[in-house]
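One-letter residues, chain by chain:
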Amino acid sequence: MSSQDDLDKLLTKLHNFHGGLHLPEHKQESLQHPIADAGLPQQLVIPLRQHIGRAAKATVKAGDKVLKGERIAEAEGAISAPVHAPTSGTVKAIEVHAIPHPAALPDTCIVIEPDGNDQWTEKPAAILDYLSASPDILLQRIHNSGIVGMGGAAFPSHAKLLYGLKRNLHTLIINGAECEPYITCDDILMQERADDIVTGIEIILHLLGLERCLIGIEDNKPDAIAAMQQAIKVTSLKRTRVIEIPTIYPSGGEKQLIQLMTGEEVPSDGLPADIGMVCHNVGTMAAVRDAVLDGRPLISRIVTISGEGISEPRNLHALIGTPISHLIQAAGGYTDKARQLVYGGPMMGISLPDDQVPLTKGGNCVLALSENEAPDPEKARACIRCGKCADVCPVKLLPQQLYWYSHAKDFDKVQDYNLFDCIECGCCTHVCPSNIQLVHYFRFAKTEIWKQEEEKRKADHARRRHEARTARLERIAAERKSRLRKKKEDLEQKKPAAGKADAGDPKKAAIEAAMKRVADKKKAAQEKQQ
Amino acid sequence: MLSAILTMTILASLFGLLLGYAAVRFHIEGDPIADQIDQMLPQTQCGQCGHPGCRPYADAIARGEDEINKCAPGGHETIIALADLLGRDPIAMDEDIEIRPPSVAIIIEEDCIGCTLCIQACPVDAILGAAKQMHSVIESECTGCELCLPPCPVECIVMEPIEADIRSWSWPYPGDQPQLAQEETPVEAQA
Ligand code: SF4
Ligand code: SF4
Ligand code: SF4
Ligand code: SF4
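Respectively, the protein sequence lines represent chains A and B. According to this note's numbering, the first sequence holds residues 1 to 530 in order. According to this note's numbering, the second sequence holds residues 531 to 721 in order.
Careful, some of the hints might be misleading.
Claimed, not checked - Calculated cross-link-like contacts (lysine-lysine; reagent style BS3-like; alpha-carbon spacing at most 25 angstroms):
#1 A/K458 to B/K600
#2 B/K662 to A/K409
#3 A/K123 to A/K65
Said to hold, decoys possible - To spell it out: a stretch of chain A is covered by chain B in this simulated footprint if at least three of its residues, at any positions, have a beta carbon under 8 angstroms from a beta carbon of chain B; those stretches are:
#4 76-85
#5 303-315
#6 465-478
No lab work stands behind these hints: they were computed from the structure. Every residue, glycine too, gets a C-beta built ideally from N, C-alpha and C.
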């Protein structure tokens, strides 16, 4: 399976995944300039939950002075990640603040006012001999550095690696596909920091005890491909290959990328680890390198600012917690075409009501789209069962069936059609001639199912407590009853004895007297007869 | 021919014995239908259905003594689930039943006189406190049944609606979509 030959065969033979779309790329706009620094905003707002899993717990309080890189919130539980101060300054408050969220709901954030000195805390020592370091030490460093998947999903990286260590892996997949239109932050990172990404790959390969690594990059990024190939050449990595994949959305989906490069399919409901692979994003690799070799936690990232609504579309290196409004100013501000703000890409991103939300660890792109780029969706009509949605679905689902059952809120049926395999790529919505917001239905159904499961859990909990209480009350009642019965019995036992003592005698005497009288009479009668 | 009949007879009696044994050995106490109904009720134990708790209501439905549309906390979803389970048509919520937003009880602690009456009323032991001590509600355990309100002599318990926060949030139903016509069926069902 993993011989040298088959590795090189992969280079010549590419596979396909089902469906997918060719979308207008809009990538060049933001590639006109090198990465620029976004600068220090007046205030940083750092959400405690920037990752999948449990929110981090604040370890500072309002008024505290913090240094750059200092931990300000610790991980809670196995799937969580700590959070660090992106610069030095004062904690102004720990409060709820608007965050990038589909319903613009607020969440708890640490608000820091920078002091302008950007003064580092004492960083943990570099692990220079990382190729002989134990996996535990590397894992610990990755965990302590607050690294999460930087491709958008923001799953805590150490948890993913830890899970990988327990499985029988043979290949590390590095995701540099960046298939969504407009986004170029991974592209430019590969162009500018290919060596660092490859160092990160070396660390992760060593950590997982792997040799084989496939780096998938869409063929619309020739500069990134060249840079990565060059960077690999100068290392000792013998079994790492850059694979040029066709530009087709969503090639950057974990499962789609694996299928494109290896022809292997991750089973429905399964993870890449089920077929011996684990997938990480190129940005995450650079962050791993920074954590291990520089002792630098994840406090900044590259983010693409683009769309017709932005004066100078570009990529910015920005501190986590920087307000979106500040990022847009750093990209020349809005043009008068700006109409809709999107956090993430145009296919899978969420629209933002305003720019007063902070950049998070998973935030790869901010778009200000024009009317032309994001027209109001036309009114939906009834499904005409054209089947176009099923043709483009990269997971080979049947979106029209999923739509039918989500619409009818038949959550059992919708799961029979593998709702949870849907990666919410939006291909189906994009092609639907009836303008049905299919993905919206699927998101609704997924969150509704989770909600019902939660309600069920709560109901079971309440039932157990109620049963426990009923049992306790019954026991108390039974005890009281048996105590009462015992008292009564005791009383009754006493009663007869007492009766003999006081009420018995006169009766007995009366009876005896009567019997004596009868006997006397009999005696008298006998004497008369004689 | 004869041997075939014989084999079948022996097999049949063997399975009969096996099933009989299984029925005795794996006998489940209680009424399985009532159990299943109880599984679908929200366990708020509020008594709005007119029964002293969810289980008695489940028993009443199982015996055919009550309708399936009396549970306010369960809402329309529960009616649909029950209809599904019992093979009936879903019906509208009973008109006398008032649906309240999900809430938790909060004791205004300054006013609490520590009479313990609310503790005795709470069906899920969600209230903590001792005689003549201030009481408080364990929010995570409170089902919002409101049973503790009437016994309180100083009316210091109030119901607070649960705020929809980021963790309980779910994507809204895409409402502006056209209704599917009644006779439309999924593609697969037609084929
Ligand atoms: S693309 Fe739209 S109209 Fe066509 S089958 Fe799918 S949901 Fe129906
Ligand atoms: S959003 Fe889901 S159902 Fe639609 S095409 Fe993508 S994976 Fe398939
Ligand atoms: S109305 Fe209240 S007591 Fe009755 S079944 Fe529903 S939650 Fe339970
Ligand atoms: S505290 Fe009150 S409202 Fe909450 S479960 Fe107990 S009795 Fe019901």
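Evaluated hints:
no.	hint	verdict
1	A/K458 to B/K600	20 angstroms, holds
2	B/K662 to A/K409	50 angstroms, violated
3	A/K123 to A/K65	17 angstroms, holds
4	76-85	violated (count 0)
5	303-315	violated (count 0)
6	465-478	holds (count 4)
In summary, the structure is inconsistent with hints 2, 4 and 5 from the numbered list given earlier, while agreeing with the others.
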